[in-house]
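Engineer: Let the sequences and hints guide you as you build the complete structure.
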Amino acid sequence: MFSRAYRAAITIPPLLWVAVFLLLPYALLFCYSFWSVSSSQEIVHSWTLDNYRQLVQVNVYWQTLARSMGIAARVTLFSLLLGYPLAYYLSFHAGRRKDLFYQLVVIPLWVSYLVRAYAWKTILGSDGVLNTLLQYVHLSSHPLDFLLYSPFAVVLTLTHIYTPFTFLPIYAALEHIPRNLVEASHDLGASPFQTFWRVIFPLSIPGVLAGATFAFVLSLGDFLAPLLLGGPSGIMISNIVVSLFGAAYNWPLGAAISFCMLALVLGLLFLSESLEKKWSFR
Amino acid sequence: MVAGESPARRRAVALRTAGGMPALRSARTTLATVSEPATTGSTPSSTSPLLDIRKVAKSFGKNAVLRDISLQVAEGEFLTILGESGSGKTTLLRIIAGFEAASSGEILMAGERLDNLPPYRRRVNTVFQHYALFPHLTVAQNVGYGLKVAKLPQPEISTRVQQALDMVKMAAYASAKPAKISGGQQQRIALARALVNRPRLLLLDEPLSALDASLRRQMQVELKSLQREVGISFVFVTHDQEEAMVMSDRIALLRLGELEQVASPREIYNRPATAYTAQFIGHTNLLSGEVKDGVARCHSLAWRTGLRDGPGLFSLRPENIRIAGSSSGTAIVRFRAQIMRQAFHGATELLQVECADGLVLSIRAASRESWTGDVDFEFSSADAVPVRASEKN
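Chains as they are written, first to last, in numbering that gives the first Met the number 0: chain A, 0 to 281; chain B, 0 to 392.
Watch out, some of these pointers could steer you wrong.
The calculated label-pair distances, taken between Cβ atoms and stated as ranges, are [unchecked claim]: (1) A175/B to F222/A: 43 to 53 Å; (2) F222/A to A209/B: 49 to 59 Å; (3) P191/A to A175/B: 24 to 34 Å; (4) G85/B to V136/A: 55 to 65 Å; (5) L274/A to K150/B: 47 to 57 Å; (6) R197/B to S190/A: 16 to 26 Å; (7) S190/A to F59/B: 52 to 62 Å.
Covered stretches of chain B (chain A as the covering partner; in silico rule of three or more C-beta atoms under 8 Å from a C-beta of chain A) [to be verified]: (8) 88–98; (9) 122–130; (10) 139–148.
Don't read these hints as lab results, they were simulated from the structure. Beta carbons: idealized from backbone N, C-alpha and C, even for Gly.
Structural biologist: This is how it looks when you write it as structure tokens:
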């Protein structure tokens, strides 16, 4: 229907955009990861695998990466544990208030991430709301210091921020389940719990996988929460990359770590997609 | 099935299935009464009913969907709940199944309260309008779902699933997924899934409405013979009056939340209780006139009747009007009319005729090439069935 010239003309802008803003930077980054930096703070354009070797051998790098994955895993788990019941309640039991509750869950996404992270600082600090309350009701005699500037604070804040991300795809998946399937299950003798386990949950798994992927990938690369709330023990891999491109001035190493992260995330996305396909409408 | 059967065979089948005596009895008594209570039920069996619906009503907010429904379903009976959309038939079915709670009234099954049980504890199974097969399970897993949930041993589940699939002739599709089989096949699986649990009552919510016409007719026959074979009570909901007449032992006609008439197909057709019933099931001519001194008069037509004096409304079926013959008598009403329109229907045609006084009637007659001029017609006065007027809304 459309002439070949027209079709060529309309595909060129998006391709150009992707090439200039996506492929080109990645290509540059890739090149940088094989270069090195000299003692006089200059980039040396000689090809070497040294950066990748450092990533594996130097403790701080691979340990931070492992800790980041651990934090991301915990955030994913807790976000799912919070997001699923929320989505289930909204989809099956909220009735007329469904839209209102949906807005209530989604609106925090409009609030700036920075503002929410600072809010947690206020709550968790040694002079903060939580500590004051605990001492007031005599549950503790001195401020608890693990609350802030620790992995705990990072996991807590990231769970709060990413729960809507697990909620949304699970809610969408649950909404897609035809209600007559639930009635059919009841009709055949299955109690509400059996119905959930045998019918509702299996059909919602693609949503769970999508939500888990969002939460894991986004929290793995997060750098604001560990920066504000992580303290020395809560540093994540993205903070290291930021400092390597900044004060530590080792762009090649930064690039190498970035590329590892990219490969990791792409692998996860691929895995998640193939699992989702396997489980969709089984 | 519908057009081909001879009247004699249909009568024989009806006598066997509906327990013909009530039909004959009420035919004799109709002429002596103007109105008959719509919910006599004319229960064919003398044993206690399987399902007893007592004064069930249902409102959604201010909207009264069902009003004062009392109905009984006998063991082994095929009962159809017939009605237009908005009549409340699906709501009534859902209340029996347990997906809605009645606003008032109660339901008993074999003497025990049914309506205070959740749907998963009732010995009732449903075939849904759009089948509601589980997309993530195979056909065999779908059929065995109820058995698995009841924690029966696996060998027994396998045997019973196999039997159920054989009964609906779908054994070859046991490991297929519902998405891969056709609508008619899905419907059979839905049926097998319900029947494998050996319920006391099977509810069917317009299960044939999504099928095309020829498949639908075929399934009507199969469902009816299946019900005979299995022997359990079926409660079937539909808006298609022809379907209801073909399959049912009794029809419960529902209109705006109330039962208009509950009777066998033959009785509902020949002795409709109300104008709505007469018009909803088949075609009819509604004659409104006056009864005085034992004579009913409608325009220029008059015949003897045992009804009390007062206004009268009569239902006269088009096929009961024939071309005037040589016989005569007080029970035969003759009139002359001019043919206005004819609609060819194959073996018969539907004529629209106008009498001298302006009365317009529909007449079903054997097909003839052409009708000329005024023709003499006649009908037996017994075929003018008195009916109650129905409120308009």
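Engineer: Kindly indicate which numbered hints from before are broken by the structure, ordering the numbers from low to high.
Structural biologist: Per hint list: 5 and 7 violated.
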